[in-house]
Each structure stands twice: as structure tokens, then as C-alpha cells.
Amino acid sequence: MRTAIVTGALVALIAAILFMGAGDPTGPNSYVVIGLSQGAVYGLVAIGLVLVYKGSRVFNFLQGEFGTLGAFAVFLMVQQWKVGLPYWACALIALAAVTIIGIGFERIVVRPLLNAPRITVLVATIATALFAIAMELLVFRPEPKILPPMVDSLFGKKGFEILSFTLEPQRFLIVLVLAGLAIGLGYFFSRTDLGLAVLATSQDPFATRVVGIGVERMSRFIWASAAFLGALAGILYVPLTGALTPGAMTTGILIPAFTAAVIGGMTSLPGAFVGGLTVGLVQSLSNWAANHYTLGDRLLQDIIKGAPDVALTLALLIVLLARPQGLLGKEA
Amino acid sequence: MGAVLEVKNTGIRFGGLVALDDVNVNVPEWEIVGLIGPNGAGKTTLFNCIMGAYAPNTGSISFRGRDISLLPTHRRTALGIGRTFQNIGLIRGLSVLENFMVAQHPRIGYGAIGALLGAPRSFAEERKLKANALEVLDFIGLAHLADSQLDGLPYGTLKLIEVGTVLATDPDLLLLDEPSSGMGPDEAHEFGERLLRLRQMLNLTVLMIEHHVPLVVGVCDYVYVLNFGKVLTEGKPQEVRSHPEVIAAYLGGEVEQEEQEEGAGVAS
Amino acid sequence: MAATAEAVTSPLPVAQSRWSPTAKGWAARLLVLVAIFGGVIWATAIVPQYWADRISLAVIFAIIGLSLNIVLGYLGQVSLGHHAFVGIAAFVSAYYVTEKAGCSAEKCSLGAFSAGLVFAILSGGAAAGLLGLVALRIKGLYLALITLSYGFMAERSIFEIPFLTRGGAGMPAPRPEGFTTDRAFAFLCFIFLALVIFVDWRMIKSKVGRAVLSIKHSEPVAASYGINVTAYKCMAFILSGMFAGLAGGLLAFRATNVVSNDFNFANALLWVLMVVVGGLGNRTGVVIGSAFFALFPFLIELIGPLDKFVSGTLNRNPAEFTPVIGAALAILTIIRFPGGIAEQLSPITRWLGGKRFSMHPDGGHGDAHSPKKTVLSKLGLHKGEAEAATDASSEEIRNDEEPNLAGQPEEPAGVSGREDS
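Residue numbers (our numbering), protein chains in the order written: chain A, 1 to 332; chain B, 1 to 268; chain C, 1 to 421.
There could be a bad hint or two in this list.
As the list claims (entries may be wrong) - EDC-like, lysine to aspartate or glutamate: derived pairs with alpha carbons at most 20 Å apart:
no., chain 1, residue 1, chain 2, residue 2
1, C, Lys205, B, Glu126
2, C, Lys205, B, Glu190
3, C, Lys355, B, Glu31
4, C, Lys308, C, Glu320
5, A, Lys305, C, Glu160
6, C, Lys205, B, Glu125
7, A, Lys305, C, Asp262
To be verified - Here are some, though not all, of the chain C residues that point toward chain B, as calculated from beta-carbon distances under 7 Å:
no., residue
8, Ile204
9, Lys207
10, Leu213
11, Arg336
Worth flagging that the hints you see were computed from the coordinates, not collected in a lab.
C-beta: ideal position from N, C-alpha, C; glycine also.
Isolated chain A (complex conformation):
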């Protein structure tokens, strides 16, 4: 019910902005499209964050690096070693590899810390993320690499024109993937036994165990899923940035994704989608505003650099102060 209201409000807001900016070339409309498509990426990463939070009650700082590792894996196969397999096959192999890494991480780091304070586990994920980034630097060096997108045409089209902005096929693919995930996960968590078991584990590990569901198995499943989703996000998104560098997904995407998860509600999967789109919008609209409005005789963006980041930090602060459980979450 609440999901419907919030989503409805968001759609109404977007419609209002588009309506007001219609026909105005310097208007925010193209920014809205960019923002939403970028928001889809944040949403994709945020799903992994929410999944881990629901399962282990911890902020997974490693989620970004699952993506970077996935991207590097594809890069290795497609560009460096040139194994000759089709892109999508390499992507699948990369997904599998990173999923295994996620399972390994759960076993080596998360499991021993089952009863440790959550901040400890956070620091552990931070350490692992830094380790991963440092290893990437050592192996791949800091110079950016080019990772071509998986698709350069979708449904026969090379570009999707929406409101005077051309969306690359890969970007559109991300939106489709996100939509598919929304439906799939919604079904998974409400209809399948495994999905319900995961939810049960996050709400009451003890009772879950009593009923016969292995908490360890659930933990492994959750981290494997998070790693899979993280890798998927990286493989799809990094080609769009034009530069594959160590830590790419962590430096660029992780913080907005966290903000998205918090705004949507750390315990709410639909919230991850909503939060992602919201963050994307906030970012791009504040970019537009800084470019468009002036204070005195100077553009805002010349006075306050990094407007998107300022806007995001403020948004995060406001949400945490006013409504810590986010838009759709159930508990702080």
C-alpha cells in the first residue's frame, strides 16, 4: 500500500517536472532522463546492499567491488586474453567467478563475525574492499582500460530517443534488467519457499533455525546473491563510463547507492528501486540547477562545486534525521 503511494508520488513528481520543462531546451527534461537511467544503476547496486542488510544487518562496503571485479573479469576474457567466447558467455563466467568470491568472503570473514558488533563487520567489509582495490591496482595498474558494452544495439535500435535525450542501448538494458529484477524479486520473496526463508532469517534467526532452516545456508545464499547482483551492476555499467579503473564502482557508485538504500529504507527491496531512482533524480536535477541558476552574476556551479554531492549529503542527512527508516522501510 505504502509502496504504491510512494511510487505514485514519485511518478507524479517526475511528470510535473517534465510538464513544466516541456519544450524548453535548457530545461531539466533531458536531465530527468539521465537521472532516471543513472538511478537505475544505483537501484541495482542498492538491491544488493538491502539484501545483505536484511540478512546480516550490516552495511556491505564490498558491494561496489563485486562490480569492479566483475568488470575486470569480463575485460580479461574479452579484451586481454581474447578467449574467443561471445561477450555474454564471458559475462556469465565473470558472474559465476564473483559469486564464488562472495561465497568465499562470507565463509572467511562474515561467518566468524556472526556475533560481533555490526560496526566491526562494516570495518571488515571496508578492509576487504580496500584490499580488492589495492590488488586491482597492482594487477591492472591505474591506467583506465576500455571495456566495450555488451550490447550496442537492442531490439534493432542503436539509440533510444526519449525527450530529446538519446539513451544508449546498454543503458536501456540496465533499466530493463532492473525492471525484470523488480518483478522477479517481488515474486521470489512472496511466493517461493526460499525467498520466504530468507525473509524469515533476517527477521528472527533463532526461530528460523528452530523451524529447520539453516541460518548458515541462508547467509551463504544472501552473500552469493549480493555478489551476483553487484557483479551484474558492474558488468553492465562500467562500459558506459568509458573507463575501467581500480575501484571504479566503489568511488563512483557506492555512496549514491548507499544513499539510495537508506532513502528507500534499508530493509525494503522495493525501497532500493525507489531510492535509486530518487537519488539519480536528485543528482542530475541539482546538476541542472547549478548549471541553470545564478547567484548574483555567476552560475551556481561556479560557486558551489560538486553540487550533486552536496545535494546528496543533505538528502541523506535529512532522511536520517527526519525518517531514519527511509520511505519504505519498517524500522530504523
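Following the hints, position chains B and C against chain A.
What follows is chains B and C alone, placed relative to chain A:
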């Protein structure tokens, strides 16, 4: 002899749950007043309101005639209210001795800035504080535990330490939250005797949450019964004890209370 | 308090004084301390200038570690944006000496330098103080996220302000006169580290430290002890910020030019890890851990074959291994050795602090074993009687303290403690 503590029309709600509803409690000087009621009745919530951990939505709280409703917790402590907790209110990362010293915080004779800058006064006062604390520990027979961490110490010892730290701050009003929990009937009786002696020697006024009926009857001058956040009845212990509604609240009422607890997940 | 005590319980006949080292014991400890510090000073005096420069980096890192330790180790909150405080302070002091105090390109007057540092300290404190205000309402994981966001915001907006940072060229910060050489500057840094350690020591040994630690473990109990939680939380952040500011200022003058690249969130994360590896809440461990992180690449250089392997076969700069080893050590610390370096060194540090030397931390249980001996000796019992008496008195003692599993190291309050986040 006026009232040391007056709780007037105090009410508080958490979301949709009404934890306290128009509660009036009066604690006259030098009396030991009991606060009883089934689990979830709101007794600890009332303590939290008195101490300032929660801000009630309605009503006021006065200490010696002065309205303290808006004072932060540490100011209420400084006025002379001491409190024990249901789950042992000690700082688990500090040693026994350090806990004693922390409890004296408001009465320490140097300022924070001075301390940081290494003012000679802070050195001297610290030495004094430590010596005093060791003395007290010595007297109650726990000097050998002075540097021990709290984990691993038995429950009875922890309770002793907690009461010791609170009493060492020389409070006027003592709020005890289930002091006899974990004690057998003999221990509880002994505790009751000690409490009476303490009241005499230290001019204490006490408000006590308790479940142990003989202790309440033996020690309290007056009793309030709380149920579902409201004062069910009040009076001398003997009267209250045989009050039919009180009995119903503990026996029959308890079943309903459990169901309500599962739904709301609220502790007393 | 006497009346209280008597009324509470009947006393046990086990009162005895706490163990203290003899005069010779103190002398021995003093000798060791002098040797350690003297060694460090002497090393700084004789090594080549470029090594002295590295030593000053290690000292500055130690100050940063101590700064972070206040928030992370003492207060128990994670700050992933400390680079914001350090960076802001560095730019403020550089800006002051270059634009306002008009220092020449070669060197600064001592007065300008001092004022620059003061501004650095104040700006660091203010920036952290803002965060402290936020920390009053938001805690734990969510505060960590805010600090991360705050740090990013600083990177992307404050460090981009042209008049403050002069874009890519950076803002100059010439060395103060009299301390222009690397060696002299290193000694200057040592002096500041000593000051920081002094203040930190006074803090922990006084009501301030106790208050902050109490807040970390249990806010409600701390409040009911009469601690003004709001004030002390802010104080912890501001003090942490001031130390960070000092470090920022020193970094500026060490590098003689401040560029935004020097302060990024990868650094902030590394600093958190170095405090964890050092040992949360433990000053000595944090200093050693921080110094280790700063000097690590150079240590590789010192080991010939290793250096050849890294630079030659692997063809990599040793500095690139710092985050790898640092992160691995951090993970290892968290999972297996929660007390970090501090815990490993604790037999030595406890001895230096005036306790008996022992491989196992006692936490008072060691002292508790001596009452048996003291009581017996006070009673003047002979061996046979001693055993009989032991059974009786040990019952009492065992009831009052159940020792932890023998040999199990106690975790210093911190990373793997039992508290809730």
C-alpha cells in the same frame, strides 16, 4: 514533610502504544514506596520518565517542589536522584574501580578543559577520587576486584557494585529497579533489612519497582500498582495485596498481558 | 561513604594494598623507556635527510591515528571522512601563510607558522564539531555513512574552491625558519606528537576519558551517572578534529605545497584500518600501527632482496603494497587478533606501566590470586595449615570472582567487544 518526588498526570506513548496514562505517584520524604504490577505495565518506563531518559507527552515531574520535567538526565542526577537498572546499570568496559569513579562524575572538583591541559588540580583531585573509591571498595570487601573487568563477575557481586556506586553518590532519592531479582527468599529478606538500615543511616527516600511480594510487604510504607500504564490502585502494602483487582491483574490479567506483549514487544 | 559501606554488607577480611614495583623495578622500566625513546630520537638525528622526512610522515600519521582513535576507539563511532578534517586544516593553514601572512617562497616566520597551525587546529575542530552535532542524533552504521558522504562532499566541493586550493597547482606552505631541513622538521613533529600524547593521556586518566568511554558502552547508564552525554560527545569530536587539524597543518608544511589529491577517501579508509590494526582504544598500539603504515613501503626498501623482488620481478612500487598488506592485516586483526598490535605488545606495555611482568592479562584476577597469599602470610600460617585454610578462604574468593578461561586474552574495549553497535 513534603514530597520528595511528585509525578503528576504523566503520560507517554510510543507510536500507537500508550505506555503510561495519567499516572500520579507521590513519594514523601524518607518513605520507601513500592511500584508493582505485571510485566509490561510501564514501571521501568515510569522510571525512565522520572530520570529524563524519556520525555512524557503529558504531565510533569517535580523533585522537592521543583519542576524537573525539562531537565536533562545528568542534571537530575546532580540534584540527588540515583537509579539502578533492571539489567545492572554498570559500564561494562570499565573496571570496578573505574565504575565507582565514573559515578562520582558530577562531584569531581575540576573542569574538563583543565583536565585536558594538565592542570595540577586535576591530578590532585584524581588521586583523591581514586583513594576514596578504593576505600569504599575496601569496606564492602571488593578491593581485590578493583581492577577487574565486569564480565565474568557473578550476578550478586555486580548488583552489590551497582548499589555501591549509586549510594556512594549520596543521593536523596533512590530509584531501585527490581533490586531483588536473582535473589532467593533469604537473600531478599536480608536485602530488605539492609534497605531499612540504609534508609535510616543515609536519610534515603526510595521508590522501588519490585515483584517480590514479601519484600514489598515487609519494607514498603506505601505501594502503587501499575497495570497497562495506568495506576490500578494505591495504598498500604497489606491493603493492596489483597485487593481483588490487583490479584486479577497478576493472574488473569497476566495472560492478556502476554498476548499484548507479543504484539507490541514492549518490556516493563 | 563509610556509613554506606558498612550498611551495605559485612566486610571480608581480604583488604590488602595493590602491588607496586620496587625502586629497582621502576628504575628498570625507566631505563627501557629511555632506551626506546632515545633510540628513536637518535635514529632521527643520524639518518639521511630523506629518511627524516619519512619519519615525520610517520609521526604525522601517528597524530592522525590518535585523532581517529578518539572517535573510533574511545567513543566507538566510525569516521570514514577524516580526510575532510585533515584536508581542510591543511588548506586553511597553507592559505593563511601564503595569502595572509605573506610568507616568502622559501620560508615562513615562526609567528606565521604558529598562527597557521592554530588556524589548522581550529578549522579541524570546527569541521569535526559539525559532524559531532550530527552524531548526537545519528549513530553506528548510519553515522558511518554520513561521515563517508561528508568526506566525499568535502573532496568534491570544499577542496575545489579556487581561492582556497588554487586548483591543481596547490597552495604553498613554506617551512618555518629554523626548521627548514627535513631533520629539524621531524623533531618539530616529535614535539607536537608529544603534546598530543600528553593531552590524550590527560583525557583518558581524567573524568573526560571515563565519561567518553562510558558513553560508548552505555549511554543511559552514563547519563544516570550524571554525565552530560551531549557535551562529551561533542567534545570528543572536537578534540579529534583538533588533532586531525594539527596533523593537516603539519602535512601542509612538510610537503610545502598542499594539493587536493593528497586527501582522498582511500586515505581515510586506510587510516581507519591502521587504527584497527594498532589496537582500538590503545594509544601505544595506535602510534605504532600508524607509524608502521606510514613507513611500510620504505621498510621494504630496506630489505635488499625483497626490494629487488618487488621493484624488479614484480615491477611495482613498494608503496602500492601498503594498502594490500594493511587491509590484509586489518582483516586478520578483526577476525583473529581483535586487540591488534596493542594486544600483542601488552605484556611489555603493562610491565612498563608498573604492573608485574606476565604474559597473560590479569585484569585484577592476577591481583586477586595474591590475596590468598597475602591473607595466609598475614595470618602467619605454616604450610600444613595453609592448605587447610586455602580450602576455606578460596571458597569465598571463588564465589566472588570467576576467572576467565586461563590464558584467554581479554579484548580491550573495541573492535570485537560485546557492546551493541
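Right, here's what the structure says about each hint:
no., hint, in the structure
1, Lys205/C with Glu126/B, "holds (8 Å)"
2, Lys205/C with Glu190/B, "violated (38 Å)"
3, Lys355/C with Glu31/B, "violated (47 Å)"
4, Lys308/C with Glu320/C, "holds (15 Å)"
5, Lys305/A with Glu160/C, "holds (6 Å)"
6, Lys205/C with Glu125/B, "holds (11 Å)"
7, Lys305/A with Asp262/C, "holds (18 Å)"
8, Ile204, "violated (10 Å)"
9, Lys207, "holds (5 Å)"
10, Leu213, "holds (6 Å)"
11, Arg336, "violated (20 Å)"
Violation of the numbered hints given earlier is confined to hints 2, 3, 8, 11; the remaining hints are satisfied by the structure.
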